[in-house]
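Protein chains: 2
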Amino acid sequence: MKGGLPPEDAIVQRLASAFATRRRDVKIGIGDDAAILAGPGRLAVTTDVLLEDHDFRRDADPRRLGRKALNVNLSDLAAMGATPLWAVLALGLPKKTRSEWLDALASGVRESAAEHGVAVVGGDLSASEKIFVAVTALGQAPEKPLLRSGAEPGDALYVSGTLGAAAAGLRLLEAGYRLSAEKDVLDPKGRRVPAPRAQEKARLIRHQIDPRPQLELGAALAAGALASAAIDVSDGLARDLYRICRASDVGATVEASLLPADSALSNLAGVLGLDPLATALYGGEDFGLLFTVPRRKVAALEALAGRFALRRIGMIDDGAGVRLVRDGRRVPLLDAGFDHFEP
Amino acid sequence: MKGGLPPEDAIVQRLASAFATRRRDVKIGIGDDAAILAGPGRLAVTTDVLLEDHDFRRDADPRRLGRKALNVNLSDLAAMGATPLWAVLALGLPKKTRSEWLDALASGVRESAAEHGVAVVGGDLSASEKIFVAVTALGQAPEKPLLRSGAEPGDALYVSGTLGAAAAGLRLLEAGYRLSAEKDVLDPKGRRVPAPRAQEKARLIRHQIDPRPQLELGAALAAGALASAAIDVSDGLARDLYRICRASDVGATVEASLLPADSALSNLAGVLGLDPLATALYGGEDFGLLFTVPRRKVAALEALAGRFALRRIGMIDDGAGVRLVRDGRRVPLLDAGFDHFEP
Numbered sequence: 089m090k091g092g093l094p095p096e097d098a099i100v101q102r103l104a105s106a107f108a109t110r111r112r113d114v115k116i117g118i119g120d121d122a123a124i125l126a127g128p129g130r131l132a133v134t135t136d137v138l139l140e141d142h143d144f145r146r147d148a149d150p151r152r153l154g155r156k157a158l159n160v161n162l163s164d165l166a167a168m169g170a171t172p173l174w175a176v177l178a179l180g181l182p183k184k185t186r187s188e189w190l191d192a193l194a195s196g197v198r199e200s201a202a203e204h205g206v207a208v209v210g211g212d213l214s215a216s217e218k219i220f221v222a223v224t225a226l227g228q229a230p231e232k233p234l235l236r237s238g239a240e241p242g243d244a245l246y247v248s249g250t251l252g253a254a255a256a257g258l259r260l261l262e263a264g265y266r267l268s269a270e271k272d273v274l275d276p277k278g279r280r281v282p283a284p285r286a287q288e289k290a291r292l293i294r295h296q297i298d299p300r301p302q303l304e305l306g307a308a309l310a311a312g313a314l315a316s317a318a319i320d321v322s323d324g325l326a327r328d329l330y331r332i333c334r335a336s337d338v339g340a341t342v343e344a345s346l347l348p349a350d351s352a353l354s355n356l357a358g359v360l361g362l363d364p365l366a367t368a369l370y371g372g373e374d375f376g377l378l379f380t381v382p383r384r385k386v387a388a389l390e391a392l393a394g395r396f397a398l399r400r401i402g403m404i405d406d407g408a409g410v411r412l413v414r415d416g417r418r419v420p421l422l423d424a425g426f427d428h429f430e431p
Numbered sequence: 089m090k091g092g093l094p095p096e097d098a099i100v101q102r103l104a105s106a107f108a109t110r111r112r113d114v115k116i117g118i119g120d121d122a123a124i125l126a127g128p129g130r131l132a133v134t135t136d137v138l139l140e141d142h143d144f145r146r147d148a149d150p151r152r153l154g155r156k157a158l159n160v161n162l163s164d165l166a167a168m169g170a171t172p173l174w175a176v177l178a179l180g181l182p183k184k185t186r187s188e189w190l191d192a193l194a195s196g197v198r199e200s201a202a203e204h205g206v207a208v209v210g211g212d213l214s215a216s217e218k219i220f221v222a223v224t225a226l227g228q229a230p231e232k233p234l235l236r237s238g239a240e241p242g243d244a245l246y247v248s249g250t251l252g253a254a255a256a257g258l259r260l261l262e263a264g265y266r267l268s269a270e271k272d273v274l275d276p277k278g279r280r281v282p283a284p285r286a287q288e289k290a291r292l293i294r295h296q297i298d299p300r301p302q303l304e305l306g307a308a309l310a311a312g313a314l315a316s317a318a319i320d321v322s323d324g325l326a327r328d329l330y331r332i333c334r335a336s337d338v339g340a341t342v343e344a345s346l347l348p349a350d351s352a353l354s355n356l357a358g359v360l361g362l363d364p365l366a367t368a369l370y371g372g373e374d375f376g377l378l379f380t381v382p383r384r385k386v387a388a389l390e391a392l393a394g395r396f397a398l399r400r401i402g403m404i405d406d407g408a409g410v411r412l413v414r415d416g417r418r419v420p421l422l423d424a425g426f427d428h429f430e431p
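These protein sequence lines are chains A and B, in that order. The numbering used here puts the first residue of the first sequence at 89, with every later residue one more than the last. The numbering used here puts the first residue of the second sequence at 89, with every later residue one more than the last.
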């Protein structure tokens, strides 16, 4: 192939071929949310990098950046139903980084590590023009890990949490809104946003900068063998659903009216220039779990609804790709969302 | 602390404190060459990043870059006496990276992975202005891993391979010398260097761009419990010996006349403006093993000399820091070498 890189998933596909292995100790290699390895026990391993100017700005709160760098990895473990155990941390830092900044980053990592039972057991440091935080997380995989493959026509499609809040939070940050150290919301001119509107904006910004990995939900799905396929929603519902469909060789139909679009999306649509439905479908970094449930397991799954915010949003079928039903009309959904290599 | 970062080892120390754990499943955490983890088996984990303009230039051969990115991690496993099993690979690539370039990088990783029994089982991709290759390698740790701590006064000090070749190779690259695809050496003006001098230059450049992890030696040292302490020479003999001395709370004396300085160093001293002894002491990236051997194990160690290039270069003692004996005079050795955060 000449010229630039193909889309991210195609690169992953290419690397998956390049590194294909028939070793029996590699249960799941490249191409799922985490690798599943036998040999010394049953271990889940995943790696994810946050990079300045792509995943955050230099003025980001280093403590929250540390939390997020670990949490996006734990979200991948959650999507496998794994229990996190350890992480290693490779940092790229400008030579003029202040010690306080690094301490705050480390305390954020440590905070999230403590919350989720993770020991940070190693790392690497590089001088770098742009900051990066590369984490590899390791966990104990369940006996039957949740994979992207395994969805069957007739399975119900569920998502946890709400959709679009993190993308709306990103839009607020891009517009110049900030969370102050005192948890006030500051507008682009640095003025405190008054109370009723501040709360909603603060919540959206927190969704973006401090996502929570759905580890308990993942573990419950795996323990009960309730999900036939699962992924964490990192690059947007549409794109991540396409990933399940491709891995499982199935199609899916999503009901627009069932999508748990965050309640703030319609309130802020005008202010932020957001289309609420498009944001719910294509906005990334919500880090809920998207998963499929065989018909005979739906009752058991619904019994979890008291512990987790779950929403049935559609159905797996044997059609082509993903379709959206809206106002009684069925339209193909774009395989779009966040792609690091989009021009 | 105000202002810039402290030296790299102090940052590591700081992070080791920040992430200190008493969990029984963490045998060795931050601060050694790799983490040793119990629980699901006995696993060794390490991570290391190669970053453009710090560890390589953009015009670097991508296949050799892929090999090196994995091999520097395997060198850390070697220094623990671990057997590599798996690796994950986080790549930062400019959006305009050519597919051929990525394919060559992947083939380099695959080549080295195949040589050393490693399965690449996951990864992450980021768009990035500067290229980076972040690898986390996992291995089976031996029953008694080789640590940096454990050296005792009276132990003999050994190093494997030669010293300074990689640093001299770097000097050649910086001066504009290149290895062509046909394995010719090209001078800074792109002219082929004639045969007798080309061979030596090619060897030095290869030492720099294609280092070999000493996995068999590490495994043999661990299996025979021959070494009381070990490290791989990544940042220079002096700096890495200081690391052993600090971790073991001992001193060391090195005999200048015993150092296995690469034979090319004196030949090229004039051309490259290198001091051979300083290059052997302070030049990084040789990736041999530096290790200490209790007196009662020296005979068993010497029995390995047929399989590995080993050189006894000095002695562990209870003095302060590291001293160099040269022409009968004893002088303190500087704790100097490669530091990512040097100004």
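Hints may contain errors.
With a Cα cut of at most 27 Å, we get these calculated DSS-like pairs of lysine-lysine [as the list claims (entries may be wrong)]: (1) A:LYS232 <-> A:LYS385; (2) B:LYS184 <-> B:LYS232; (3) A:LYS218 <-> B:LYS184; (4) B:LYS218 <-> B:LYS183; (5) B:LYS183 <-> A:LYS183; (6) A:LYS218 <-> B:LYS218; (7) B:LYS271 <-> A:LYS184; (8) B:LYS385 <-> B:LYS232; (9) A:LYS183 <-> B:LYS277; (10) A:LYS218 <-> A:LYS184; (11) A:LYS218 <-> B:LYS385; (12) A:LYS183 <-> A:LYS232.
Per the computed footprint, the stretches of chain B lying under chain A, defined by three or more beta-carbons under 8 Å from a beta-carbon of chain A, are [what the hints assert, rightly or not]: (13) 174-184; (14) 212-220; (15) 400-406.
The hints are simulated quantities; they were obtained by calculation from the structure and are not laboratory data. From the three backbone atoms N, C-alpha and C, an ideal C-beta is built for every residue, glycine too.
Item to complete: Any hints from earlier that this structure breaks? Give me their numbers in increasing order, please.
Response: 2, 7, 9, 11, 12, 15
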